[in-house]
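A.B. asks: Residue numbers (this note's numbering), protein chains in the order written: chain A, 1 to 491; chain B, 1 to 477.
Treat each hint with caution, since some may be false.
[To be verified] Per the computed footprint, the stretches of chain A lying under chain B, defined by three or more beta-carbons under 8 Å from a beta-carbon of chain B, are:
1. 197-204
2. 268-281
[Said to hold, decoys possible] Residues of chain B placed beyond 12 Å of chain A at every Cβ, according to the derived structure:
3. PRO84
4. GLU156
5. ILE362
[To be verified] Keeping only pairs whose Cα atoms sit at most 30 Å apart, straight-line, the calculated DSS-like set for lysine-lysine is:
6. B:LYS129 / A:LYS347
7. B:LYS474 / B:LYS387
8. B:LYS79 / A:LYS379
9. B:LYS114 / B:LYS301
10. A:LYS358 / B:LYS474
11. B:LYS263 / A:LYS358
12. B:LYS114 / A:LYS347
13. B:LYS472 / B:LYS413
What the hints contain is simulated information worked out from the structure, not anything from laboratory work.
Just so you know, even glycine gets a beta-carbon here, dropped at the ideal spot from N, CA and C.
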Amino acid sequence: MSDSSLVRASLAELSAALAAKRISSVELTQLFLGRIQRYDGQLNAFVSIDPERSLAQAREADTRRADGQAQPLTGIPIAHKDVFCTKDWLTTCGSNMLHNWVAPYDAHVVQRLHATGAVLLGKTNMDEFAMGSSTENSFFGATKNPWDINAVPGGSSGGSAAAIGARLAPAATGTDTGGSIRLPASFCGCSGIKPTYGIVSRYGMVAYASSLDQGGPMAGSAEDLALLLNSMAGFDARDSTSLERPAEDYARSLTQPLAGVRIGLPQEYFAAGLDADVAKQVEAAIGEFRKLGAITIDVKLPNTSLAIPVYYVLAPAEASSNLSRYDGVRYGLRASEYHDLNDMYEKTRAQGFGSEVKRRILIGTYVLSHGYYDAYYLKAQKLRRVIAQDFADAFEQCDLIMGPTSPSVAFDIGSKTSDPVQMYLSDIYNVSINLAGLPGMSIPVGFGARQRPVGLQIIGNYFSEARMLNAAHQYQRVTDWHTRVPEWLSA
Amino acid sequence: MNWEIVVGIETHAQLSTRAKIFSGAATAFGAAPNAQACEVDIALPGVLPVLNKGAVERAIRFGLAVGARVAPRSVFARKNYFYPDLPKGYQISQYELPVVVGGSIMISTPDGNKSIRLVRAHLEEDAGKSLHEDFHGSSGIDLNRAGTPLLEIVTEPDLRGAGEAVAYAKTLHSLVRYLEICDGNMQEGSFRCDANVSVRRLGSDKLGTRCEIKNLNSFRFLEKAIEFEARRQIETIEDGGTIKQETRLYDAERDETRAMRSKEDAQDYRYFPDPDLLPLEISEAWIAAVRAAMPELPAQKKERFISQYALPEYDAALLTSNRETAAYFEECTAAAGGAAKLCANWVNGELSAALNREDREIGQSKVSSKQLGELIRRIVDGSVSSKTAKDVFDELWAGASSADAVIDAKGLKQISDSTALERIVADIVAANPDQVAQYRAGKDKVLGFFVGQAMKASGGKANPAQLNEIVKRKLNS
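Just chain B, with the same shape it has in the complex (with noise of 0.2 Å):
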């Protein structure tokens, strides 16, 4: 029996914002529990909320990328629940009316493009942190994280599978950074999944009951907890069970997800318009300043990129999976006065490579994006060969200072001058008249014979077409 997996995503991704969503204190993450908490975030009696103005225009941002609607008026609501971390007893987030409603975002699938549908995006308050290690049977409150701006962004139920899960999430991941609302840091929780996952026989039009797995905080544990997941739901149905609606966590360690607590249990969270925040109204005007300043995003750029560069799909993609390798093309591209195919080809070849090796980010390149430009410039006018200048990279990355430096002090630099080449050559041609007699008997292949001589006289710096040319018409002669 053929099954189908639905899944559905709700990220809450963190925006970068300085202040919290609601008071003034810092949002900057490491510092020491409770130094970053002040009157509005402990919930002190008297205290009122006031709203980021940033985390709005973020929230628009991210509205104006997705295509969505950005409602001209959104409402902020309590939901009330009690727990440590939760200072005020409630959370103030966004229900009936979130500001952001709609949109889709496009990922890239083996069969093609597909668009996600998204349900919405809204903003709410984060929670403290309960830390039970080290409190000997208590709990400690760290209430550093209450108030830190959240966008939560739901999805259809749109998605097939742990891949089409793990694609969207990727590149939503891409767009929050791109859009600069979130920095996307998954160890520090900046960038949060829950999946919601049903599964269904195939053909069939209908949903199954779902399971929400929580709080997964990286691409690796949502692929193998959505898979764990569809895996326990198709078995338990095929052993003749039922699936209940229920939340559960996915234990990493195990690989395995467990039952958090069922749809019965639901708390009822008594959402109501918080009265102490008026309706959030965003006016035409805000919205087109806002999209004055957005930055270009991924599909933009990557379609600029074929056009303007010339460059096939396959690499336009590659450069503008993130914003600072696209910038780094583009740079690399300006320092080398143009040759964009052989710029995309170096930095998705080669300097990735190296990148890979050393784990490390394209902003902690040890090649600037200049120097790369440089070393390409030379192999585009002919001073080095393809093959020197990765030589060159390899000085460049150990910390030289320029490609032509390198080239100066190596004397790599290729013999493009004809006279030089030509005498060289003629000197082989006089020196091999067996193989002279070869070629001309229509053996062709020696004629690599001689280019290979002729570039082990110039200590390899012949500039290979050149010499290629000037054996031929020599032989030829």
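Next up, chain A with everything else stripped away, as it sits in the complex (with noise of 0.2 Å):
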């Protein structure tokens, strides 16, 4: 295979192409380093690098393939947001707070995926904390749309959703605590998919807001990421809220028909605030699926506009908690002049944390304060309930909601920075799939205003991966969206 069709091919291609030695992983990884390399400079998608363990782990993966041990994904490599905790490799959740901290221990995740045989490709960059949906908000500066180096890639997965745009990496872990995942594979043309709460487990995911974190894939289509959710996937006893149920094959419905198939079609997902390039693309994509077979419904979600505010209150609220272990004492950064302890909090956690997380952790703090608690913590609780009821009473008429990931295409870089509220609304179509704790998913359904992706979003209920795949899968056999790649990048 030549280079630049390695450089396109799906994951099932490379494990194919591993398997026939037509290439080994230390050639496919050092493919990728050398992208890295070559383009990483201009999209800064990648926080670290280490060729050296890359290719040490590229070179086990090739004798476990010649021991005849391997599976799919051995030799593969994968690049892993930076939330991922990653033994003896620097994570640093895109924070000067942890701007050095090598973390002594795996998450899960990454332990699953090479336990494969996967190779750690590097981490990828990210709105600190998670806490963004443009990946500006990084320690280590913004991440560039691969499709147009002047637009945000999205966040706060933007490294990973970059890296799979640019293809300098084949696939990558994310996290979608209110679309992190979702949005930027729609702003980079990729596809990602936030699994079912509790389908993942968030141990040794750095937590943002723990009751709507959850991990994910991301790749360049559906089929690439059922492979990489069969590996993700799975008990942990080391997480409470992570579900005990049997293991399953993610792939096992992709060659379904999609005939008869019925696909809700939210008004509130259509309205007011939805660009018209965006619509076009989504309509004509929902057009594809009618031709697949499916039958289409309008459905309701009338509780669509509180999604923002509750999410607004409740993320904040648990991120104010659970950042209040950065305090300088155990690891991570230290103030390096105070006179006492709560001066040594204040300095710490004042330089340590960027505008953004401050912003979250005093929200949060002041909906948790005494006095505000029930007007807003609890209201929002009891909100949430009614948005995840929404959902429960469209997919009694439905199999699938489809609607576009966000109102707009990338936007350019620093455009909404000075207006929070603004880009808070470009998770609006996200936020309440999280608090309802389904499984969503993004994927590239063609370009909109200044050729920038457009990516279409299926909602699905608790536990169907398998059915939204199978949908994404059948409208990526008819359309190659996702198989285009920018033009600069395609040498």
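Two chains, each in its own frame: build the complex with the hints.
C.D. replies: Structure (structure tokens):
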């Protein structure tokens, strides 16, 4: 296989090439490390790479393959969002607070992928502690969108999305608390899935908002996602919110026809606020699904407008507590000069956290405060159940829900940094899925304004990942949006 | 003016699980600093808590023992505050929905039994320790204790004065050890009390403003601290002052309490349900299983001792004050083949005195329950007198193997052979005609002379009751 076809290949194709000895894992890893070295100066998708260690893992994978012990992902380089702890490797969460922190243990997801023989290619950039929609809130600088260097890649898993969009990595992990896998996947023209809450262990995934955080795969296609999810998902006794269910093969339904599948179209997702260029591509994609035999029906999610306010009470509340451990006492940054304990806390946290993290800690502290708790936190918890009920009602009438991932294509770097609320609205179609704990995914369905990618969001009922991946795969069989690579990166 | 001292107590009982409440690290006392702090205990980024079922099981046991409601659903909450020995920046505790609700504990007071109502008991994790000495202007942090499971047991303000407070604390201390949910080691901090103290004029039904005295780790300090604090409050009010609600510390060296922080400085802990832990669901089946495995409780055991062994209440109460003593008594009675009252006397008397002399717990007794029981069997069958038995007991305490061995070796077996005793008595009667005449003239006291002489002649080994009877018969014949 030529380098350029390897760069565009699916994981299944790479796996086949490795199995047929058309290429070794070392060569494949070198190919992607080479692309990182060549292009990442412009993209800033990676926070850290360690070629020697990656190549050592690749050599192990090659040995394993030679010994006949290979699994589908053995030898395939995969990048991890820098929110996953990686043993003896930097884990920064995009924060000055952890800019030099080396994790002494592997996250459950990292462990599982490592166990399959996947090669750790590097750690990808992200909004600090996963708080953001643009990957501009990183201590290590903004990541750029491979389709347009002036655009954001979306966030918070923007490093992973940009790396895949630019084919600097064939696959990566991400996390999604309020759209952080789906939004960047949509902005960078790749595929990503946030599974049902509880499917992928959160152990070793640095917490932002525990009741919403969920890890998931990002890659070039739905088929790749299924393969990755098979390795990432599974019960973990170390995470009390991990669900104990029989293992499933998420690829089992990929080839099923879509005839008769009922697709719900929530009118609230196609209302005012949705850009026309996005609407056009999303509607075209839905047309393709109809051609594939699916039936579309209108559904209502009447409390959609509450999702952003509810999310921005609950997520900061949990974050304000989750981030209390960064106090300079045991690890991470500690201010170099201070005159007493409180001063040490204040200076450490003032220097260690960026402004968006501080904003959310302040909001969270406020809504949990005595006298405000009932009006904010408790009220938001009640509305969270109301929002989940909307989806339960909708899924009485349909099998899948589809709509845009974001109201617009990727916006320009710097254009929303001074207006947090505008930034938050990028995830208006995303956060309710996290609030309900449902699975959601985004796949590329064409290009909108300024040739920036548009994403279609597919929402399923609990544990319907296989069905969602089936729908996405059937769409990707008849379209080629997911195979597109930006011109300047296709060499 | 007469004052009433009103006390409520919050007790932190460290639960006797081997692992911590939310991690797998060991809870054993005395390890090198931070040797028992795993990645969860030091709150590394990305770690998550997993509830130790053993801690829950112990909380259920406690709830059942005090007649409380074991909540079918309780919730772990985060109590947020910054402190260097609190690694996560929050403590996982229970707030609105605790695992144990209500219940009561019966205490003995000089005026009789009194039921002390409990508000609740909840599960939580302990913090680490800050070490302020030996670090030259800095502080050391030891996180071995961080994450140790605690059951916080809270009473209503039902206690009146230091005496009742101590009686409650002792009863609770005995109960948690009975239940084997806490080792009760107060020096190691396994059982610590906070006392909420207020005073009011006798007859008033309105509670006064309370002060909380933190971390009292001995019954004596509890008593002294409450006494001092009540005196301070009474004097303040009598001098025209008012009591400020505050937290105070007891200084044992100076025997006084000192203000630590006032209510105004109280932190806003921003409690909210911990999203890392699901609500704790306790099924009826789980409760039933714990109930089936419950040890006998002190009150039940006391009642059983009264009915099964026909013991007076006083003896039964003493014997059941702790589980080990009760077990010793039962083993002793079994080895003695009955004679429960005599066994009770020995356990509460001779044995207890010997233990006290050497400051030993009953578990460290040098005379086993079996040894003592066998000795008592020899008293019952007339082989030795009670007086001789005390000497045998001393020999056993000093290391002798069994009562029979001592009795044999020292020839202590009393003479119950009536032929031999008859001969001794006959000789003495024959040798003392004057005294015989006095007795027969109605001077009953002379009887003692004959018994004494006969006992002397037997080398002290005559069975006293038998001897008495023979002397009487000979003199009257």
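A.B. asks: Now, for every hint given, state plainly whether the structure supports it.
C.D. replies: Each hint tested on the structure:
Only residues whose beta carbon comes within less than 8 Å of a beta carbon in chain B count, and the segment 197-204 of chain A has 3; three or more means the coverage holds. Note: the segment 268-281 of chain A has 0 residues with beta-carbon separation from chain B under 8 Å; the three-residue rule is not met and the coverage is violated. Distance check for B:PRO84 against chain A: the nearest CB is about 5 Å away, which does not clear 12 Å, and the non-interface claim fails. Once the 12 Å rule is applied to beta carbons, B:GLU156 is consistent with being away from chain A; the minimum gap is 24 Å.
Distance to chain A confirms B:ILE362 as a non-interface residue, since its nearest Cβ pair spans about 42 Å, more than 12 Å. A C-alpha spacing of about 24 Å is found between B:LYS129 and A:LYS347, which places the hinted pair at or below 30 Å, so the restraint holds. Of the pairs offered as hints, the one joining B:LYS474 and B:LYS387 holds, with about 26 Å between alpha carbons and a cut-off of 30 Å not exceeded. Pair hint B:LYS79 plus A:LYS379 holds up; C-alpha atoms about 20 Å apart against a cutoff of 30 Å.
Proximity of B:LYS114 to B:LYS301 is assessed by CA-CA distance (about 18 Å); at most 30 Å being required, the pair is judged to hold. Between A:LYS358 and B:LYS474 the CA atoms are separated by roughly 106 Å; this puts the pair beyond 30 Å, and the hint is violated. A hinted pair counts as satisfied when its Cα atoms are at most 30 Å apart, and B:LYS263 with A:LYS358 qualifies at roughly 28 Å. Restraint check for B:LYS114 and A:LYS347: not satisfied, since their Cα atoms lie roughly 54 Å apart, outside the 30 Å limit.
For a cut-off of 30 Å, the pair hint linking B:LYS472 to B:LYS413 stands: about 23 Å separates their Cα positions.
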